[in-house]
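If you're matching positions, the sequence shown starts at 852 in the numbering used here and goes up one per residue.
Calculated from the structure, these hints are not laboratory results.
Computed from a prediction, not measured in an experiment: that's the story for all the values here.
Any given hint might turn out to be false.
Using C-beta positions, here's what the derived DEER-type ranges look like [what the hints assert, rightly or not]:
no., residue 1, residue 2, range
1, 964, 897, 29 to 35 Å
2, 936, 971, 22 to 28 Å
3, 911, 969, 18 to 24 Å
4, 1005, 910, 27 to 33 Å
5, 998, 934, 28 to 34 Å
Every residue gets a Cβ at the ideal spot worked out from N, C-alpha and C, and that includes glycine.
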Amino acid sequence: FFSSRRRHTRFKCDWSSDVCSSDLLKAELQGKYGVKVYVFACDLSAFGAAERVWNFTSHASIDIEILINNAGFGVYGRFQETDKDRTDEMIRLNITALTELTWYFLRDMSTRNRGRILNVASTAGFQPCPWFASYAAAKSYVINFSQAVADELASNPATRGITRSEEHTSELQSHLNLVC
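Whole structure, please, built from the sequences with the hints as guidance.
So, in structure tokens, the structure goes:
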């Protein structure tokens, strides 16, 4: 979900491209909250998808205030026995799309000196997970990438208006052995 507080709009890009359920959600949100909702169906694991999303919002003059990078899936099994194409698709979605969406929308947010990005990871990203190796590695990337970008923003007076959400990683790490 993307949000534009100033225009009271919601923008949803559904990685599964399920337009039917997106249209139902659009109608529900518009009816219940009286907001304008845009739906842009695309497969975020496809090459160039993040740019297409950004182009859509730019051409529609939607100022994104909140970006939630929550799309993702995992590939389970012994790594050498997993489907390579499915693993590649997972990496494009869990890493490439997240990175590119962050890049496009962070530039706009930095120009406006306001906005928030939430990159959703997993506790699997804090440790190696046998039979979930590529997923855990992808989520580790999300954690490290997000922390690095947040630190870059915090060290720059021009972007201090963009905030970082603090996680209680010590609590998460103490429960990691229950995850994998």
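Against the structure, the hints come out as follows:
1. 964 - 897: 29 to 35 Å: holds (32 Å)
2. 936 - 971: 22 to 28 Å: Taking Cβ atoms as reference, residue 936 and residue 971 lie about 24 Å apart, which means the hint holds.
3. 911 - 969: 18 to 24 Å: holds (22 Å)
4. 1005 - 910: 27 to 33 Å: holds (32 Å)
5. 998 - 934: 28 to 34 Å: holds (31 Å)
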